[in-house]
Each structure stands twice: as C-alpha cells, then as structure tokens.
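S.K.: Here are the chains, one letter per residue:
2 protein chains.
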Amino acid sequence: MPLRLDSQSADFADRFRSFLSVKREASQDVEQTVRGIIEAVISRGDEALKEFTAKFDRIDVAKIGLRVSAAEIDAAEKACDKDALAALKLARDRIEAYHLRQKPKAEERFTDALGVELGAKWTAIEAVGLYVPGGTAAYPSSVLMNAVPAKVAGCPRLVMVVPSPDGKLAPLVLAAAKLAGVDEVYRVGGAQAVAALAYGTETIAPVAKIVGPGNAYVAAAKRLVFGKVGIDMIAGPSEVLILADKTGNPDWIAADLLAQAEHDTSAQSILITDSPELATDVEKAVESQLKTLPRADVASASWRDFGAIILVPKLADAVPLVDRLAPEHLEIAAVDAEALTAKIRNAGAIFIGAHTPEAIGDYVAGSNHVLPTARSARFSSGLNVLDFMKRTSLLKCGPEQLRALGPAAIALGEAEGLGAHARSVAIRLNL
Amino acid sequence: MPLRLDSQSADFADRFRSFLSVKREASQDVEQTVRGIIEAVISRGDEALKEFTAKFDRIDVAKIGLRVSAAEIDAAEKACDKDALAALKLARDRIEAYHLRQKPKAEERFTDALGVELGAKWTAIEAVGLYVPGGTAAYPSSVLMNAVPAKVAGCPRLVMVVPSPDGKLAPLVLAAAKLAGVDEVYRVGGAQAVAALAYGTETIAPVAKIVGPGNAYVAAAKRLVFGKVGIDMIAGPSEVLILADKTGNPDWIAADLLAQAEHDTSAQSILITDSPELATDVEKAVESQLKTLPRADVASASWRDFGAIILVPKLADAVPLVDRLAPEHLEIAAVDAEALTAKIRNAGAIFIGAHTPEAIGDYVAGSNHVLPTARSARFSSGLNVLDFMKRTSLLKCGPEQLRALGPAAIALGEAEGLGAHARSVAIRLNL
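Read top to bottom, the protein sequences are chains W and A. The first sequence maps to residues 4 to 434 in my numbering. The second sequence maps to residues 4 to 434 in my numbering.
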C-alpha cells in the first residue's frame, strides 16, 4: 500500500517531512574498488581495460577490438525493427529542433558608456564522453537525449562507451549512436570506461567532460574523476508527481504512476489531489492495471514502498509541497493547469494537461528526458545545450577606459592588501 | 627561476606535457575530520556550531550571537575607508549591469508544426549560501562577485557565512554584503558553516546551493554535501597566461605576472611570446619589481616554482598550447589580439589588448572574477547568473498532438521493454 497523507491532519507537517527524507537508493560503498580500477587504467591503459573487460563482461577485446567498427554499427542498424527505427529518427529530429533553440550566440559584446567593451563568447567542449549502461538498462532514447545536445552544441568529438556483457550490444543503441552523430564507440563499461575517458589510454584519447547514467561503480568513478574532467549530475532513481483535480481520469493517472514505477523498485510515483474520490479511484485503477503489466513485479514494489497519495483542500495548496519535493517530472491534470504551472518553482519538467503523459516527453516531444532527481530540481536543470558549452568572458579597455576605471581598481587592490594588483594598473597610468 | 621552454626544441612536446601535469596544490586529506564535523552539525545543530566556533575561532557565539546584526553591519560600513567604499559601490553597479544581460527570459514557449507547445521556464534558486573566508583572504570584491549575480538572478534568500577569528570581521566585507543585498550574515566558518547551510540548524535555515571559495576543509565539506545541495566549482590556485608579441611592454607584463603571483605561493604566471627579447626583458622586469613589492615573498616563490616563459615562432602557434593550458585568465598584448581571441577555445576570461590588465576585471569591469582554474576552462565557465537559476522544461499536448506523436512513443516504449510507458500513451488513444 502506498503512503496516504492528508494535509489537513494534525501530524501532516511531521509526516511530510519524514516522507521528504526517505532514502530510496541504497548507497553502496564501492569507492575503494573504484579507486583501484582508476589507478590501474591510469598506469596500464589498454592492458587494464582488456583485463577488466575480460573479468566483468567475459569478452576479449584484444581479439575483437575495443572500438566498435562502422561496419558493425551499420549491421546493427539493419537488424533493427523498422517501426522502432522510424520512431527513433522522429525522436532525433525533434530533439535536435528543440535543442537548437537553446544554442547561445557565439559571441555577445557590448560597449558601455565609458567605452569599455564587455561580453562573452560561447564555445563547445572539445571532446565529450557518453556513458551508456549495458544489459536491460541500455536505452536508445537516452543515447539520443545525451548525444544530440552535444552535437547541437558543436562538440567536435563525441565518444560513447558501452559495456557488451558476453559480447552483446543492443542494435537500437548502436543505431541511436549513429543517428545522433556519435564519433567513436568503444565496448567497455564500468569504472574502467570512465577512467579511460578521463585519463585516456593508447586507444581511447581523453575527453574533457563525461555524461550519462550508470550504476554505483560508474557514479563513484564519475565523482572521483570530477575536476580532471567535467561531469553531469549523478542520476538517482526516477520520480513523477501528478497533480490532479476531480476532472482527472483515474485510469490515465494510474497508467502514468505505473510508467514511472516500472523503471526501478526505487522509482517513486506520487499523486496529489483535492478529490478524495479521485484518490480512491486511482488507487483501484493502479491495482487493476498491475494485473496485466509485464513489469508488474518491479512496478508494484516501487508503488508499495515509495508511492504516495496526498490529499489537499485545494490544488493551489499543493504548490509549496511540490516545491519542497522538487520532482523530476510533474504532470498537471487539472482545469487550471497553466495557472499552477506558473506558480511552481522547483520541478525538472512540467507536463501540462491531461493529454501530456510523461512518456511523450521521455521519447518524442523533443525536450530532454535527462532531468534532476532526488530533489535536485531545487538547484539544477535538465540536460541542455549549455551543458556542452562554456563561456569565456571578454574585456577590452583602451587607455581612456583604463584611466576612468583604474583609480577604483587601485583603491580596491590596496584595500585588499594586494599591492601588485594595484601596481599593475598604476604602472600603465604612470601613477 | 621560472621554467623556460621553446616550442622549437626537440623535447618540447614531452616538457610541455609534464608542465601541464604539475600539481600546484598539496591535496590535504581532511575528509574524515570533515565527515565528523558535518555529522555533529546534523545531529546537534547550533550546539555543535557553538563548540566548533569556540574551538577554531576562539569566540562564544552563544554570548555574542551567531547572526551578525544589522547594527553591526551599519557600524562596519561607517568604519570603512571612504575611497575603498566608493570603489566598492562602483564595482557593485558595474557587476550588476554586466550580469543583468545574462538573465534569461522568465519563460520561452513555442508551438511546433503539430501544435505541440514546448519550452522552458527559468526560476531563481530559492535560497543560496555564500561562503566567505576569514582572515587575510577575506576579499570584499569576492563578496560582490558571488552575491550580486545571485540577487540579479532573483534569489529571494542569500545567506553569508564568514568566520570571525578572535571576533574579527573585515569591515569592507560586511559593507560589501550590505551593498550586494545579502539577507543574512552568520559568524561561522569552516566545514561547520557548510554543514549548517546544507542541513540547517535551529538558527540557520538550510539553503539549496552553496557557493564561494574556502580552504581544504571547506572544499571537502562542499564535496560531501553535494547532492543534498548544489555547489559551485571547487576553486584551485589562480593563474594567468599572457600572450605577447614584441610590442608588449615588459614592465606592464611583469606587473601583471606578479599581480597573479602575489595571490598565493601556488599561483601560476605564464608568458608565451614570439619575441626572445621580450622574454628576457620581462624576466628582468620581474626581478626588479619584486624588490619593492609588499608581498614579494609570496610572489617570488610562486614565480620561481610555477612561473614559465614559453617561446613560439609566431603567436598563432601558441593557440593550441593555450587551449591545452585552458588558463583561468588570458591576457593578450599583441597587435592581432582580436584575431587571437577569436581562435581560443579554452579560457575563463580573455583580457584583450595591453590596456586591459587582469586587475581591472578582478575589481571593477563588471565581468565576474570567479573563473575556472586548474584547466577546468576546458569544460566549465565563470560564475554567472545561470548558476543561480534553473530551467524547468514545459510540454503541452492536446488530443490531436498526442495522436500524432503517440504511436512513435509507443513503439519506443515497447522497444525498450517498458510496457507501462507504452500503455500510458495507448490508454489515452484507446489503442
């Protein structure tokens, strides 16, 4: 049974606070193991990759090659289901169109009243690594969501690493890499793949940033190489929060709660409503739909352990609760969906109206499905083009501008006890 | 003696590679200590802050209060040197003007050919903590550089923490906080201050993101609370790279190299030039200026241990070296400064032309002086307004749009083995 809370009950504040602090992911302490793997890759390069890949994936990369060849990728593409491939192409085009709008002007410069030229230029990161999990969690849609924005940003070199347990690689994953314009694909995974991307080996040249989801080993490796290279956020289990009034369709809402719950037993699905009838109907619909769901075992565990239904007097009362939960995905199925959208501060993505199930955004809308989890939407954003670019600020003074601004810089340099700062200005003004 | 390299010499590639990998900062392993401090603050709140502050700063916050009062801040402002205060106000106004241009539109939405509404809204982070070091490294300019962009972003609550060893607080630091619009100031520092910001205590409500520089304890604490809250980059020792041709003024260049070197014995100053005469003249000018520099001990150690002069045949040959070094600050004093600026991919900030010493940007130009160090300009940017905001993506379909996009979403859900994803779309289309 999912948790049921009523914001009118006397102990709600306490119960909501403890609900907020529930840890959904068992944190595995793999740091020591991962440190050893990274050190081995730094010191022995390809040889270490070969050993770890033989051990963990049971393949000999010295024999079949670390790099996945263009011929192999073409063959994989041919083996794909035609409908799925067409859907992937549609997704790719829409993701590209959406993300093109995020691209900043290459250079912005302005001249202020004193004649000082100020501004910034944006450049793409020169080389990016994309981690793709193997096995059942190898999602072609995630390849597109990570790779297309990097290419829209203009990254000249995009390198994908993906483990191939027992030599198996998902054809749609390789097809997605080709569609997205990935430049190099290597069959290596785990902490060893992250280490290779960060430090380089004989075969894999190092990159400047690593993105993409992975298991506890991959996450630990990303944390450890951070600083040497950039990393994206560390993704936690996925979440949806549905805000619905009495106009909500219980079957549709139940389907959306279960679409989240089927990801992972640690996933979380929450309904907040002002309608006790809807709450009851949704709960029944969930039970009923679970009976015919292929991944019912996963979804029912997630719904039982982390699901919740919260009753509020009016939906507007839910806004502060939503902001505290800061859900990765927020669906709003209510007559005043737009007004509620405008009031929300913290959410990774908002799906407005009953005809916008999250799954549309997961796959084909064009917006990114890599979104902040575990309440991190309070301070971070979903993956976007700027994650693959960086900003260099520009400043240009002539003698007059330096004369105008110099004395204030000298005063501050002296106030901070930094005499050489002051002198570097004074010496140009003959002061 | 600084390192001298010539890009024409046979061993240059190797020597440049080892120069790139020089570690300038002794990494102190303080993680265990810091973990203990954080746990104490989580479990005992204000009481733990009182104990650590008595121990490290030798003051009793139970007596004088953890929060720095408005009266205390006003008194500090009155005690400031008038010229320094006026310079600080000029800096504040220019920083605000520059950063206002970085503010994105609150909402961007567009409707595509299918009628799907897509877009995003930007919101400010609800509460931000700003760490300010105490003692000699308490720079009022850094308070402005961190606080003003947060207020431009629209953060409603900006909390500053600053240690006051033996009860001392720099008046200009408090004045800068007031000028920048900081909402709350607490006299607490170290890992305990970071823990209080992340987890909250009876007196200090928690924030969603923590920014600002600090010592090894503060940096370790920021790494450990990352995830619970957002953090900015971990700042390393500061660097400047000066690119100059024979038109460069050796005295000015020497002054700028020393302005960097005086920060810290781990700071780094590099000159790359195509003029062997300039190289020699700059080296002499550095020696000469060191004789009268107040912080000569620090600057000479930095120049001796980490300084470098690199000769190239033409300045254009320096571009790939600059991109590999990815300096925090790049000054270009050369006739073709603009053409070189256009070619550089990796730098935190570029100071164009001989009349733009870095110190102008450090204090009063308006651009931000919090910039990526230790080669991280390869993948990250200087502090800016977007660091204090986050993006929520928006998606809105009606029945027709869902009918148009639904089948592709269903195909991908099924291809990925996520049946509930497919069903959440199909159920709305009666499929």
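Hints should not be assumed to be uniformly reliable.
The list treats identical chains as one, so a pair stands whether inside a single copy or across any two.
[As the list claims (entries may be wrong)] In silico lysine-lysine, DSSO-like type, Cα no more than 27 Å apart, as pairs:
#, residue 1, residue 2
1, LYS108, LYS154
2, LYS108, LYS346
3, LYS106, LYS154
4, LYS154, LYS287
5, LYS171, LYS317
6, LYS181, LYS53
By construction, these hints were calculated from the structure, which means they are not laboratory data.
S.K.: Confirm or reject each hint.
M.R.: Here is how each hint holds up against the structure:
1. LYS108 with LYS154: Cα proximity of LYS108 and LYS154: in one copy and across copies (16 Å, 24 Å).
2. LYS108 with LYS346: between (30 Å within a copy, 16 Å between copies)
3. LYS106 with LYS154: both (11 Å within a copy, 25 Å between copies)
4. LYS154 with LYS287: neither (45 Å within a copy, 47 Å between copies)
5. LYS171 with LYS317: Classified as neither; 52 Å inside a copy, 51 Å across copies.
6. LYS181 with LYS53: within (25 Å within a copy, 58 Å between copies)
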